[in-house]
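Participant: So the chains spell out like this:
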Amino acid sequence: MTDKMTDKPADKMTDRKLMKGNEAMALAAIRAGCRYYFGYPITPQNEITEYMSRELPKAGGAFIQAESELASINMCYGAAAAGGRVLTSSSSPGVALMQEGLSGLANIQAPMVIINVMRAGPGIGAIQPAQADYFQATRGGGNGDYHIIVYAPESIQEAMDMMGKAYDVADEYRNPVMILADGMLGQMMEPVVVPEARKPIMGDDIAKAKPWALTGHKNKRERNAINSVWLDQYAFEEFSNELWKKYIKAEKELPEYETYNLDDADLVFTAFGTTARIVRESIDQLAKKGIKAGLIRPKTLWPFPYGAFDEIEKHAPNAKLVISAELSRGQLIQDVKLGLLGRLPVALIGRVAGILLTPDEITQEAMALYEKTGKEGK
Amino acid sequence: MKTVFEMTPAMREMELHYCPGCTHGIAHRLIMEVLEESGRLGDTIGVSPVGCSIVAHRYMNVDMIEAAHGRAPAVASAIKRVHPGNLVFTYQGDGDLASIGTGEIVHAAHRGEKISTFFINNAIYGMTGGQMAPTTLIGQKATTAQEGRKVEDSGMPLRVAEMLATIDGAVYVERVALNSPSNVRAAKKAIARAFEVQEKGLGFAFVELLSSCPVNWGLPPVKALEWMDEAMIPYYPLKRFKCPEEVK
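One line per chain: the protein sequences are A and B, in this order.
Counting from 1, position 327 in the first sequence corresponds to residue 327 in our numbering; the numbering is continuous, with no gaps.
With positions in the second sequence counted from 1, the corresponding number in our numbering is that position plus 378.
In isolation and in its complexed conformation, chain B is listed as follows (with noise of 0.2 Å):
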């Protein structure tokens, strides 16, 4: 019998705690296939976020490390330095990242850090329970914005990949969905390429990647892939921003 579908070494065998139609786990695989393949497994480290997967590090099978809030890009920054030639990277969510941890990931781009930084964008807090994110939609409902997000209290949703899109220093910027089997394959090779830059030393590379939260959401989960392609897709534009001549 031929194998077409396996576990793969590199994620440990656990069952993940993530919600039902939850797409972290779709993006765990990707980054750690990426890893497995290209044999860099053994000298890569982790910085886990605070937010749902702040225990990534369960499932990742590398040297992994929690972050306060917002702060993976300065803890990434430091361990690059003692460790230059590992791969480092961050995993941070739209709280972590879009919120707290703005100061962080700013200038860890504008010093183009040579790390790699995954952005798990779902428009929502997941683990405190569906709180407005800085990235919550005009209307979107959030515990924290019951009649949905208004533009005169909140204003406009905040497009990191784009803002981080401006900096020298960020030298490969993508956005991404994981909503459909086409659009998974194209996150993957995002995580690849955002791991050849740094292998390449080029500068600090950056991966958005478009998530659902049915349950905070409350959609049911395909209705959630729906929805960001109704919804996220049309504000968050999936786009290759930027992207250095060595890796395209």
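For reference, chain A alone in the conformation it holds in the complex (with noise of 0.2 Å):
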């Protein structure tokens, strides 16, 4: 790794670098003005806390290995709290452990970012790539009325450009933002354009930009008093309700999502981060095979695009069926099924345990399905 990793001027030519994807999430973040990281080993997203702890203090910031997921997430409460851009980094069995820190530092309304590289589970389960950290992360694993913004990359070049949008999305909303990835996403190398540097806030510069920060008064204004707990039920229900006005915002502004060939498809895939490129090439195949199936890729998990299942009445009228093609025993598929409101059949295809899907699979599983949808409907 050269210097030129971390955070000088962005080059067009010499930023177009071949990367794994866990380091390139942690350059980007670099990039986009994190300068405080707090993680604790687990597979499969080491290179991120490995990186971190070589590049940050280069770029002036500051690294800890914690002892513990529990004190990742609180030294991010804590830096985050004090005004510092910060990141934590796991894996799935490690956020799960995170919980009540993200349930706390949504509830202080402390910005920060943490990318969740998903294996396995239930349980210690298994180091290989899963997407059954859904219901984790969209449903939240913590106490109490929140919510976690969730931006859900395909590729490491997404994932890059995602990381500067979920700084700033935290800090407009106030709100922990998690980049859901996967352990495929994390181990696999791509070529990418790294996005250019961003000056960091750091020092004197917090308590300007973030005037509710914990920075000492310096017996100029009153003292900054964050806290979590409420004596006064009522008064905590006003805050909930304020709370929530932020949360309806971010369902009006934050859902983001892409189709791919869905003018006049018959069958309709969603499918999120990784998966949703091995289904590509199942549309692909299909096609060859004379069935017209389309793609519906959400882009963010919470708040989810219900809206793009709308798009289907308009482009796909024949559409027939619906799969919900997921690494997991099917988590994004409720989503789906609130998305569609009963309008169409829904059908999951998946793989767990680490296992992924392949695209004859879900060719072969597609056609039958269809199949049956067809016969059914007669």
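Watch out, some of these pointers could steer you wrong.
[To be verified] Incomplete in silico selection of chain B near chain A, CB under 8 Å:
#, residue
1, Met379
2, His435
3, Val440
4, Arg449
5, Ala454
These are calculated hints, taken from the structure and not from any lab test.
We treat Cβ as the ideally placed atom computed from N, Cα and C, and that holds for glycine.
Got two chains here, separate frames each, mind docking them using the hints?
Facilitator: In structure tokens:
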């Protein structure tokens, strides 16, 4: 790695690189102005922690290898409350341990970004790729009424580009934002164009940029007290109402998705992350077999782009079936059903335990499901 | 007329919510007086725990944040990394620090974090209503040890200052008590040294303050202070375990 990997200004020629997903996400965070990272080793995301330990001090930031994921997320809680642009990363069971902190961060309205490089579960599970933390990410693994904003990249380039956006959204909404990747995205290499470096906000600049942050009152303002407990229930309800206005705004403004081949599709897939890329190949295989298939790919998982499913009526009025392809026993599928509200039948194609779906497998299963739907339709 | 005692601007003018006879108020005031006298109120950041003192920020006139149960040392470690020029302290009880938060306190000490921790040891869970703490004495009654703590069920009480003193990163470790005027004066000096250690960037500083909890001990306030002399101090000796040359 050269110094160019950190925070030198971007140059389109030199900033085109072949990078591993985990390292690329770490670099993108530094480029987005992140200067604080706290993490604990867990496979398959260790390259993020390793990269940050090496590169953050060079960029004038601070790195701590925490004693546990509990400590990592609570260090993020402290750094975010102190106004620092902060990152942690982990993988599924580690992110499970962080749920207390994520609930707490949402409650104190502290901005931060967390990367989950998903592996298979439940329990310690397996270190191979999975997408079975969908519920954990979108339904809130922690206690109480709150949400985490979740981005799901399908490529390393998209993960890098989403990182800058994640920090902007975290600051705007004063809420944790998650990049939900998987072991495949973390471990594979792809050519990328590295995003331009942004100037970090540190030291004395924090008080101006984030007047709510813990900086010391300098005998010039009232003290900033950041509370998590509420002793007056009515005041707490009022606070919760305010918090909720933010989430309603997020539901209006943040959902993102893209479609592929949706026009006149007979069959519509939904998939996120790396699985969406495998589905694209199946769509091409199915076309050769005479089945027109399309894809809706949510890029945000919370807020979920429910409106995407209205596109089916507009662009694929003859669609007979929607298939949710995912590396889980069926988690994304619940949001797909909420998006469709009974307008079309929904089926699942899934693998678990760290086993990836192959294009051939999806094609064959999709054909069988499609034929079955046709017969039942008659 | 000569003023011999007055409110300190370091404490906000509010009625404390603590029970009569509780020594949290004394501990709060000592920490704040030290900061005011050293002119550091404006650039100090405090972290309060889960427990009776969760809302310490209502009284202490510094920037503060509530941490999740036991996590204050992790929160404070990161605050210090973001603002290395500020003084950062945690204020924690024995359920918070000696039970659920043992990992965080041991590793903050182990990393030699340049923060100061004030540990209120009253040998019981206060806010939740008198359950046994790791620091509850043998034979001491608690709502979860109704016949008194037994060694065979719960082990011996945890001596946190002694434990942390074995860690290299913890450069200043002292145990004081808040049950008599002379002990209170000694406590204030220990608090001042803990901040001086941080100011000089020497490492992690830790002060254990033996405190009273008359309500959950089932004792009137004066008897509670006497019980500290009779039962607590013999098991938890008042001692400066470690102190760097620079602040002696």
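Participant: Work down the list of hints and note, for each, if the structure agrees.
Facilitator: We went through each hint and held it up to the structure:
The interface hint given for Met379 of chain B is broken, as the beta carbon of that residue sits about 28 Å from the closest beta carbon of chain A, more than 8 Å. Given the 8 Å rule on beta carbons, the hint for His435 of chain B holds: about 4 Å separates it from the nearest Cβ of chain A. For Val440 of chain B, the suggested interface contact is upheld, since its CB lies about 6 Å from the closest CB of chain A, less than 8 Å. With a cut of 8 Å, the hint placing Arg449 of chain B at the interface with chain A holds, because the nearest CB-to-CB distance is about 4 Å.
Against a cut-off of 8 Å between C-beta atoms, the interface hint on Ala454 of chain B holds, since the closest Cβ of chain A lies about 6 Å away.
This entry does not satisfy hint 1, going by the numbered hints stated previously; all others are met.
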